[in-house]
Amino acid sequence: MTIEQKQAVYFQNVSKMYNTGTIALNHFDFPVEEGEFISFLGPSGCGKSTALRMVAGLGSPTTGDVTVFGNTPEDLIKNTNDIAFVFQDANLLPWRSVLDNVLLPLELRGGNKKEKKEAAVKVLEMVGLKDHLKSYPRQLSGGMRMRVSIARALAAKPKLLLMDEPFAALDEITRQTLQMELLDIWEKEKMTVLFVTHNVYEAVFLSSKIAVMSARPGRLSSVIDVNLPYPREPGMRTDPAFSKYVGIASASLENHEQRKETV
Amino acid sequence: MAMSEVEMTKQQTALAEAGKKKKPVASTFKEMYLGPIVAFVLFISLWQLIPVVLGLPHYILPKPTDVWEATVSDWALLAEAIRITIFESVIGFLLSAVIGIGVSVLLASSKILERSIYPYAIILQTIPVVAVAPIVVIWFGAGFNSIVVISFLIGFFPVISNTLMGLNSADKNMDELFTLYNASRWQRMWKLRIPAAMPYIMAGLKISCTLSIVGAIVGEYVAGIGGGNGGLGYAITVAAIQVKTSFLFSCGIAAALLGISFYLLISLFSKMMLGSWHESAMKSEK
Chain A
3 MTIEQKQAVY FQNVSKMYNT GTIALNHFDF PVEEGEFISF LGPSGCGKST
53 ALRMVAGLGS PTTGDVTVFG NTPEDLIKNT NDIAFVFQDA NLLPWRSVLD
103 NVLLPLELRG GNKKEKKEAA VKVLEMVGLK DHLKSYPRQL SGGMRMRVSI
153 ARALAAKPKL LLMDEPFAAL DEITRQTLQM ELLDIWEKEK MTVLFVTHNV
203 YEAVFLSSKI AVMSARPGRL SSVIDVNLPY PREPGMRTDP AFSKYVGIAS
253 ASLENHEQRK ETV
Chain B
404 MAMSEVEMTK QQTALAEAGK KKKPVASTFK EMYLGPIVAF VLFISLWQLI
454 PVVLGLPHYI LPKPTDVWEA TVSDWALLAE AIRITIFESV IGFLLSAVIG
504 IGVSVLLASS KILERSIYPY AIILQTIPVV AVAPIVVIWF GAGFNSIVVI
554 SFLIGFFPVI SNTLMGLNSA DKNMDELFTL YNASRWQRMW KLRIPAAMPY
604 IMAGLKISCT LSIVGAIVGE YVAGIGGGNG GLGYAITVAA IQVKTSFLFS
654 CGIAAALLGI SFYLLISLFS KMMLGSWHES AMKSEK
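Chains as they are written, first to last, in the working numbering: chain A, 3 to 265; chain B, 404 to 689.
Hints may be right or wrong, so weigh each one.
[Unchecked claim] In silico DSSO-like pairs for lysine-lysine, Cα to Cα no more than 27 Å straight-line:
1) A:LYS116 - B:LYS594
2) B:LYS514 - A:LYS80
3) A:LYS136 - B:LYS674
4) B:LYS575 - A:LYS136
5) A:LYS118 - B:LYS594
6) A:LYS159 - B:LYS594
7) A:LYS161 - B:LYS575
8) A:LYS119 - B:LYS594
9) A:LYS80 - B:LYS594
10) A:LYS115 - B:LYS674
11) B:LYS575 - A:LYS80
12) A:LYS159 - B:LYS575
13) A:LYS136 - B:LYS594
14) A:LYS132 - B:LYS514
15) B:LYS594 - A:LYS161
16) A:LYS124 - B:LYS594
17) A:LYS119 - A:LYS161
[Claimed, not checked] Over the 10 Å line for every Cβ pair with chain B, so calculated as not near, a few chain A residues:
18) LEU60
19) GLY113
20) GLY144
[As the list claims (entries may be wrong)] Beyond 12 Å from chain B on every Cβ pair, some chain A residues (computed):
21) ILE25
22) GLU36
23) PRO45
24) ASN81
25) GLN90
26) GLU117
27) MET128
28) ILE187
29) GLU189
30) HIS200
31) ASN201
32) LEU230
33) MET238
34) SER252
Simulated from the structure, these hints should not be mistaken for lab results.
Cβ atoms here follow ideal geometry from the backbone N, Cα and C, with glycine treated the same way.
Please work from the sequences and hints to get the whole structure.
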């Protein structure tokens, strides 16, 4: 029990079977320490999104338990702002301005109006959109929309940030910029981040630890500790150590046997 | 001579410049409007010619000039009829908009309610209102009240079915976002479902506004005028009995123009409501 409480997220022997009989996740056991940047890396159908959604209470395990800071996800969502979720699509309300989109989570929770606005402007400043408060989503580029989406997630000061392939639809240049910004924010805000991706380079560049998953049925195939120092600079992408981790991650993606990699 | 020559060239260059500037305007005019205008003129001329060539009397097929004369001579009658029809259909339309949207929001806020009542709303929609109009007259009496109720009934169902569809059209991810922030049912309704339904609601209102005019006219056929002043429906009935075919054409054209202006007005309103974000309102901007 004491170990459990230290964990930000704890998957305990989690399995998920859909009504269709598909096993999305099979005996998934995985602890996430507080303050870590974890990536779930795997092909489509490996259950990485399913696992992430369970942490947010958007779906419950068929068997096993998911605990977040020692509580059930449902309890945390009901009573706190600890969990925030960033979808693959920016998922902004098209009829609301940038500022109003970021204000949404704060509005839904109630509280002081002026403070809320200050908080929203602050996070928008953090993602470099201070000059676009009054713009509407359709006036922004894909990268800027994703920035708004991240700002919205950060607005309520979450302790755990869940991201479901947030950069998958962006071009490579924008993706790299946003990766850097995300790392900056993570280091500043000292949150725990769970990041779902199918991009090996992205997983290695961002994460302190990678959970490699394989499909049919979805399961954990290996865990890679990425011992590269933070803050990570763009130049690191060409570093031999970086390539080595990319190699390890790619190899374990191909390898379907369960094993633990430590380097 | 020299002076006038200089002036001539000046004029020519000025003309040429004006011509150059006007050219794009003229060409868009040619592309956009020339075709419809030519078609219109051809149609009117044919219409004017055919009764003359075939020797049709004016009470079978009046010429456009006959229609014009009838419109001018009976203008007072026509204007009053138009005014009354506008009044009836606007009230009918407003009722169908307010009640239609209200009932939809109520239905959509409870899954059980919606599941149990929506199928009937669909079935009711298929009942031709003309068929039940006499019942309305029995309940609401001859004249104004019944006419408004018939106009309301015709416009009501497009609003309710469109609004319900819209209220259930919110993106699944956005719905999950609201779940994540523990939004209450009413927060979800006001901040997500109703705004997301706006384009659908506007589409419903556009259908319903022209139908409400149909409802007002049909209502007068069935419900009479109950001692009050008559609208277009009444004017049409009277003119038909007297075989004033030219005036019947005037009434028909007036009703059509009324429908078009009502539709344009609602379209404008819809553009204002959706202007800031929705794509259907954006297309003209692009």
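Take the C-alpha atoms of LYS161 of chain A and LYS575 of chain B, compute the straight-line distance between them, and say whether it is at most 27 Å. holds, 25 Å
Keeping to a limit of 27 Å between CA atoms, is the pair of LYS575 of chain B and LYS136 of chain A held or broken? holds, 26 Å
Given the hint that LYS119 of chain A pairs with LYS161 of chain A, test it: the Cα-Cα distance must not exceed 27 Å. holds, 20 Å
Going straight from one Cα to the other, do LYS132 of chain A and LYS514 of chain B come out at no more than 27 Å? violated, 41 Å
Minimum Cβ separation between GLU189 of chain A and chain B greater than 12 Å? Correct as stated: the minimum Cβ-Cβ distance to chain B is 24 Å, above 12 Å.
The output says SER252 of chain A does not contact chain B. Does that hold with a beta carbon cutoff of 12 Å? For SER252 of chain A, whose nearest Cβ neighbour in chain B is about 30 Å away, the distance exceeds 12 Å, so it holds.
Non-interface label on GLU36 of chain A, tested against every C-beta of chain B at 12 Å: Holds: least Cβ distance 20 Å, greater than 12 Å.
Quick check for students: does the CB of GLY113 of chain A sit more than 10 Å from each CB in chain B? Answer for GLY113 of chain A: holds, closest chain B Cβ roughly 13 Å.
Does LYS594 of chain B pair with LYS161 of chain A here, judged by a C-alpha cut-off of 27 Å? holds, 26 Å
Straight-line alpha-carbon gap LYS159 of chain A to LYS575 of chain B, limit 27 Å: Holds, at roughly 24 Å.
Interface-negative label, GLY144 of chain A against chain B, beta-carbon threshold 10 Å: The assertion about GLY144 of chain A holds, with a minimum of 16 Å to chain B.
Minimum Cβ distance from MET238 of chain A to chain B greater than 12 Å, as the annotation requires: Fine: 33 Å to the nearest Cβ keeps MET238 of chain A off the interface.
Hint violations for this structure: numbers 10, 14, 18, 24 and 25, all remaining hints satisfied.
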